[in-house]
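Novice: Okay, here's what each chain looks like letter by letter:
There are 4 protein chains.
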Amino acid sequence: MYRSRRDDPVTDREKLANDRFNCSERERAVFESGIKLATIYHQFVGTPVNLNTVEGLEKTISKAIEVQPYVESAKVSIPRSFFPEGSDRYSYVSLTGNMIDAVVVIRLGNTKVTAEMRYDEALQYPLMYISSIE
Amino acid sequence: MYRSRRDDPVTDREKLANDRFNCSERERAVFESGIKLATIYHQFVGTPVNLNTVEGLEKTISKAIEVQPYVESAKVSIPRSFFPEGSDRYSYVSLTGNMIDAVVVIRLGNTKVTAEMRYDEALQYPLMYISSIE
Amino acid sequence: MYRSRRDDPVTDREKLANDRFNCSERERAVFESGIKLATIYHQFVGTPVNLNTVEGLEKTISKAIEVQPYVESAKVSIPRSFFPEGSDRYSYVSLTGNMIDAVVVIRLGNTKVTAEMRYDEALQYPLMYISSIE
Amino acid sequence: MYRSRRDDPVTDREKLANDRFNCSERERAVFESGIKLATIYHQFVGTPVNLNTVEGLEKTISKAIEVQPYVESAKVSIPRSFFPEGSDRYSYVSLTGNMIDAVVVIRLGNTKVTAEMRYDEALQYPLMYISSIE
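Chains as they are written, first to last, in the working numbering: chain L, 1 to 134; chain P, 1 to 134; chain B, 1 to 134; chain R, 1 to 134.
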């Protein structure tokens, strides 16, 4: 990346951050992908949501992840099957980990990591895993 | 409370909920307003946000509160002055309680309660308080 | 309220807080009880916990509530029946609202409010309610 | 890894989880370390805490991380300098990311990864980074 001036604050802060890491670029990209999936889970689990608000919540979670360093994209979807059809005052749900489908793409230098979170029926567990490193 | 049909699930669930309370309608409305303000604080503090995503986050928080029982409206605003002007990868912030301005209106029967949360300069504390009961 | 010295920081801050409220002492105590129950829910739902760590988590949640203003006591219990007996790496759970039993006692002036949260089988909902005001 | 019986539930679930990953053991260990640091941050930021309860909170956070897969140890410390000396009702703080010092050690097969989170004065940011991979 070209730096026009020595005091460019952007580049300097990124360089400082880089200096803290004792690993390869590839490993750092993998590390960042883990951070992002756990952020989705632990920040938003518990959020009240219903069929009318779920689309907005999906977008807000995606954008909250995309403002973080090195995120190329974050797609979050919450299957509509989790929502009750009733319409009384108690017919909303609290977001749980089992309801979250997420795909996060990290780009750091020449490395692209795709990591995913989704409820695994066989494991009975919302698994976070790495689906590709390029 | 009038119930038109024995199997009405809405009325039955609301009646069940009502039966758990040992207080007046007015007190219950006040109780609900406290629940909603703390939900805003403890669910969303920590969310990554920047100048481009703050409007969406405000709306999502408002809607998450409005799906809960007895909420007439919830307005959340996050002053733009909290955001750094820089544009490097680290120029976003994590939402803190001090950044949240919220006004929640609860309507329960004939009672309307307005409760607010905002950073109090004199107290140096994000105070939650009741501003009116009608 | 009597203030012994003009510069007493405790009394001054509490008086400032009191001045923000447009309601009775009793209503304020009710409001605080709602805040505390929602804090338990929205702060701690999602926490990884197993049979070995649940007792410590219960205590930590109780104490986190007890440091807040006007809390006389906060008792939190998480029934052990929610925990799987297995012992592999995936045999822990994430705390959900349905797992939380809480009793919070607020004392504010001459008012004592007891509020509770617990999963209501009939409602199929973790209900927060006021059980007594004295 | 030796499996004594085909129906061993532990080994089977771990094998299922392993099959989801498209990366090396080393990369997976790095991924898990990122998950754990973000869990600390996004689960616990916002927790009310004071000088009397901070030690218990540190332990509870450590244990919440240690129940998760592949964690050898998690040490969390919250410097006491962040706490005000006052003693009125408002003299507690809400945990922020800047207050958290954490060291998480992941062991997965033959790989040991140490990852840390701490406020970086130069970056003005609570940085999560990998300090060693063995």
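Please keep in mind that the hints were generated in silico from the structure rather than gathered at the bench.
Accuracy of the hints is not assured; some may be wrong.
Same chains, same names: a pair is fine if it fits in one copy or spans any two.
Cut-off 16 Å, straight-line C-alpha distance, at most; resulting in silico cross-link-like pairs (EDC-like, lysine to aspartate or glutamate) [as the list claims (entries may be wrong)]:
hint : residue 1 : residue 2
1    : Lys-59    : Glu-134
2    : Lys-15    : Glu-121
3    : Lys-112   : Glu-72
4    : Lys-15    : Asp-120
5    : Lys-75    : Glu-14
6    : Lys-15    : Glu-72
7    : Lys-112   : Glu-85
8    : Lys-59    : Asp-120
9    : Lys-15    : Glu-55
10   : Lys-59    : Glu-72
11   : Lys-75    : Glu-55
Novice: Look at each hint and say if it fits the structure.
Specialist: Going down the list of hints, with the structure as the test:
For the homomeric pair Lys-59 and Glu-134, neither the shortest alpha-carbon distance inside one copy (26 Å) nor that between copies (36 Å) is at most 16 Å. Taking CA atoms no more than 16 Å apart as the test, Lys-15 paired with Glu-121 passes between copies only; the shortest distance there is 14 Å, against 42 Å inside one copy. Within a single copy, Lys-112 and Glu-72 get their C-alpha atoms as close as 9 Å, which meets the 16 Å cut-off; across copies the closest is 28 Å, which misses it. In the homo-oligomer, the alpha carbons of Lys-15 and Asp-120 lie at most 16 Å apart only across protomers (13 Å), although the nearest pairing inside one protomer, at 38 Å, exceeds that limit.
Within a single copy, Lys-75 and Glu-14 get their C-alpha atoms no closer than 25 Å, and across copies no closer than 27 Å, so neither meets the 16 Å cut-off. With identical chains, the CA atoms of Lys-15 and Glu-72 are never at most 16 Å apart, being 20 Å at best within one copy and 30 Å at best between copies. With identical chains, the CA atoms of Lys-112 and Glu-85 are never at most 16 Å apart, being 40 Å at best within one copy and 28 Å at best between copies. Taking CA atoms no more than 16 Å apart as the test, Lys-59 paired with Asp-120 passes in neither setting, with 23 Å inside one copy and 30 Å between copies.
In this assembly of identical chains, Lys-15 and Glu-55 lie within 16 Å of each other by CA distance neither inside one copy nor across copies; the values are 37 Å within and 31 Å between. Taking identical chains as interchangeable, the C-alpha atoms of Lys-59 and Glu-72 lie at most 16 Å apart only when both belong to the same chain, with a minimum of 15 Å there against 24 Å between chains. For the identical chains of this complex, Lys-75 and Glu-55 are intra-copy neighbours only, at 12 Å inside a copy versus 19 Å across copies, given an alpha-carbon limit of 16 Å.
Of the numbered hints given earlier, the model fails hints 1, 5, 6, 7, 8, 9; all others are met.
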